[in-house]
Amino acid sequence: MEMKAPLVAAGIFLLGLVLLAVGALIEPPRPQISQSGESLIALGLTFIVVGVGFFLAWANPTA
Amino acid sequence: MEGEHGTSDVKFLIGRNAGKSAVIAAFIATHVATMAGLWFDGARLPKFDFNNLNGYLVLGLSYGFANPAINFVVGGVIHYTSGIIWGVIFALIFHPALGRFVKPLHALTPVNNFIKGVIWGAVLWIISSAFWMPLLIGPLFQPINVGVGPFLTSFGPYGIQALFTNLFWHTIYGVNLGLLFSPTPAGGSRGTWRSSSGVGVR
Chain B
1 MEMKAPLVAA
11 GIFLLGLVLL
21 AVGALIEPPR
31 PQISQSGESL
41 IALGLTFIVV
51 GVGFFLAWAN
61 PTA
Chain L
64 MEGEHGTSDV
74 KFLIGRNAGK
84 SAVIAAFIAT
94 HVATMAGLWF
104 DGARLPKFDF
114 NNLNGYLVLG
124 LSYGFANPAI
134 NFVVGGVIHY
144 TSGIIWGVIF
154 ALIFHPALGR
164 FVKPLHALTP
174 VNNFIKGVIW
184 GAVLWIISSA
194 FWMPLLIGPL
204 FQPINVGVGP
214 FLTSFGPYGI
224 QALFTNLFWH
234 TIYGVNLGLL
244 FSPTPAGGSR
254 GTWRSSSGVG
264 VR
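So the sequences go chain by chain: B and L.
The opening residue of the first sequence carries number 1 in our numbering; numbering runs sequentially from there.
The opening residue of the second sequence carries number 64 in our numbering; numbering runs sequentially from there.
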C-alpha cells in the first residue's frame, strides 16, 4: 500500500480533474443550474481533495 | 487502547494523547470544512451553511430569520461541538476498531490514518444525508416550501448535486481529520516530523 500510494493518489487526482473539467463544461451560465454539471463538479472536487490528501499522507516524514 | 493509541508507544502529530489530539484535529477539520461549505457557491455548488441550519433547528425559523447573526453564532457553536464530538468518536472508537477488523489498515501509518479519516467522512455523509437532513431539516423547512427529499436528492432548487456536494463537504472533514489525527509508533527509526522540523504542536 505504501509503495503504491503516490500512483493511487495521482490516479484519484487525475480522475477528479477530468470530472471537474467535464462538469465545468456542462454547467450553463448563471442563473441556470445543471444537475449533471454540478454533480460532476462536486465529485471532481471530492476526488481532487482525496488525491491531494493521499499524497500528503504518503509524503509525511513520520511514515 | 494501549498498543493502538496508548501514550507510551504512540506519538501524535498534534497533542500528547489521543483525546487531546482528536479534539484539536476535529476542531480544525470542522472549521476547514465549514468555511469551505460557505464558499461552495463560488464553485457553482449548493451552499452548505451548517451553522445556520443548526441555528434554525434550535431557535426556530422565524427567530432565525429575524436574528441572523444570533442564529449563525448559536448554530455555529452547536455545529462545531458536533464536529469535535464526531472527531473524538472517530479517534477513540472508530479508528482503533477499524484497525483491528481491517487488517490492511492495522499499521499506524499516515496513509492508513488518512484512509480511515476518509472512510469516517463517508460514514458521516451517509448519516447526514440519510437521517439528519431529511428527518430534521426537511420538516423544519416544509412551511416555506423548501424540500430535502429522500437521501438529500431534492434540496430546494437542487437535485442530486446536493447529495454529492454533501459528500464533498464531509470528505473535506474526513481528509483533514485523517491527516491531522495521525498516531504513529513512537519508536520509529526515521526522523519524526517534530524532531526534523522542530515545530511540533504540543
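Possibly wrong hints are sitting among the right ones.
Non-contacting residues of chain L with respect to chain B, defined by C-beta distances greater than 12 angstroms in every case (computed) [said to hold, decoys possible]:
{"hint": "1", "residue": "Ile152"}
{"hint": "2", "residue": "Gly210"}
{"hint": "3", "residue": "Phe231"}
Okay, derived cross-link-like pairs now, DSBU-like style, lysine-lysine, Cα gap no bigger than 35 angstroms in a straight line [said to hold, decoys possible]:
{"hint": "4", "chain 1": "L", "residue 1": "Lys166", "chain 2": "B", "residue 2": "Lys4"}
{"hint": "5", "chain 1": "L", "residue 1": "Lys110", "chain 2": "L", "residue 2": "Lys83"}
{"hint": "6", "chain 1": "L", "residue 1": "Lys83", "chain 2": "B", "residue 2": "Lys4"}
{"hint": "7", "chain 1": "L", "residue 1": "Lys83", "chain 2": "L", "residue 2": "Lys166"}
Simulated DEER-style distance windows between Cβ atoms [stated by the list, open to error]:
{"hint": "8", "chain 1": "B", "residue 1": "Val52", "chain 2": "L", "residue 2": "Lys110", "range": "19 to 27 angstroms"}
{"hint": "9", "chain 1": "L", "residue 1": "Ile207", "chain 2": "B", "residue 2": "Leu7", "range": "28 to 36 angstroms"}
{"hint": "10", "chain 1": "L", "residue 1": "Gly250", "chain 2": "B", "residue 2": "Lys4", "range": "24 to 32 angstroms"}
{"hint": "11", "chain 1": "B", "residue 1": "Lys4", "chain 2": "L", "residue 2": "Phe128", "range": "46 to 54 angstroms"}
{"hint": "12", "chain 1": "L", "residue 1": "Ala129", "chain 2": "B", "residue 2": "Val22", "range": "37 to 45 angstroms"}
{"hint": "13", "chain 1": "L", "residue 1": "Pro206", "chain 2": "B", "residue 2": "Gln32", "range": "54 to 62 angstroms"}
{"hint": "14", "chain 1": "L", "residue 1": "Ala129", "chain 2": "B", "residue 2": "Ala21", "range": "42 to 50 angstroms"}
{"hint": "15", "chain 1": "L", "residue 1": "Asp72", "chain 2": "B", "residue 2": "Arg30", "range": "52 to 60 angstroms"}
{"hint": "16", "chain 1": "L", "residue 1": "Ala185", "chain 2": "B", "residue 2": "Ala21", "range": "20 to 28 angstroms"}
{"hint": "17", "chain 1": "L", "residue 1": "Phe90", "chain 2": "B", "residue 2": "Arg30", "range": "47 to 55 angstroms"}
{"hint": "18", "chain 1": "B", "residue 1": "Pro6", "chain 2": "L", "residue 2": "Ser125", "range": "28 to 36 angstroms"}
{"hint": "19", "chain 1": "L", "residue 1": "Pro248", "chain 2": "B", "residue 2": "Leu15", "range": "28 to 36 angstroms"}
Quick caveat, the hints were computed from the structure, so don't treat them as lab data.
For clarity, every value in this text was computed on a predicted model and none was experimentally measured.
Even glycine gets a Cβ: it sits at the ideal position worked out from N, Cα and C.
Tested hints:
1. Every CB of chain B lies more than 12 angstroms from the CB of Ile152/L, the least distance being 20 angstroms, so the non-interface label holds.
2. For Gly210/L, the non-interface assignment is confirmed: its Cβ lies about 15 angstroms from the closest Cβ of chain B, beyond the 12 angstroms cut-off.
3. Taking the minimum C-beta to C-beta distance to chain B, about 5 angstroms, the non-interface status of Phe231/L is violated against the 12 angstroms cut.
4. For a cut-off of 35 angstroms, the pair hint linking Lys166/L to Lys4/B stands: about 17 angstroms separates their Cα positions.
5. Restraint check for Lys110/L and Lys83/L: satisfied, since their Cα atoms lie roughly 31 angstroms apart, inside the 35 angstroms limit.
6. Distance check on the hinted pair: Lys83/L and Lys4/B sit about 32 angstroms apart at the alpha-carbon level, within 35 angstroms; holds.
7. Between Lys83/L and Lys166/L, the direct Cα distance comes to roughly 26 angstroms. Compliance with the 35 angstroms bound is thereby established for this hinted pair.
8. The given range of 19 to 27 angstroms is respected by Val52/B and Lys110/L, whose C-beta atoms sit roughly 23 angstroms from each other.
9. Ile207/L and Leu7/B have their C-beta atoms about 49 angstroms apart, which leaves the hinted 28 to 36 angstroms range violated.
10. Judged by the Cβ atoms, the range 24 to 32 angstroms given for Gly250/L and Lys4/B holds: they are separated by roughly 25 angstroms.
11. Taking 46 to 54 angstroms as the suggested C-beta distance range, the pair Lys4/B and Phe128/L conforms, at roughly 51 angstroms.
12. The hinted range of 37 to 45 angstroms is satisfied by Ala129/L and Val22/B, whose Cβ atoms lie roughly 43 angstroms apart.
13. Evaluation of the 54 to 62 angstroms hint for Pro206/L and Gln32/B yields a failure: the beta carbon distance comes to about 28 angstroms.
14. A C-beta distance of roughly 43 angstroms is found between Ala129/L and Ala21/B, which places it inside the suggested range of 42 to 50 angstroms.
15. For Asp72/L paired with Arg30/B, a C-beta distance near 55 angstroms keeps the hint of 52 to 60 angstroms intact.
16. At roughly 24 angstroms, the beta carbons of Ala185/L and Ala21/B sit within the given window of 20 to 28 angstroms.
17. Between Phe90/L and Arg30/B, the C-beta spacing of about 34 angstroms breaks the proposed range 47 to 55 angstroms.
18. In this structure the hint that Pro6/B and Ser125/L lie 28 to 36 angstroms apart at CB is violated, the actual value being about 53 angstroms.
19. Separated by about 32 angstroms at the C-beta atoms, Pro248/L and Leu15/B satisfy the suggested range of 28 to 36 angstroms.
Comparing the model with each earlier hint shows violations of hints 3, 9, 13, 17 and 18; every other hint is respected.
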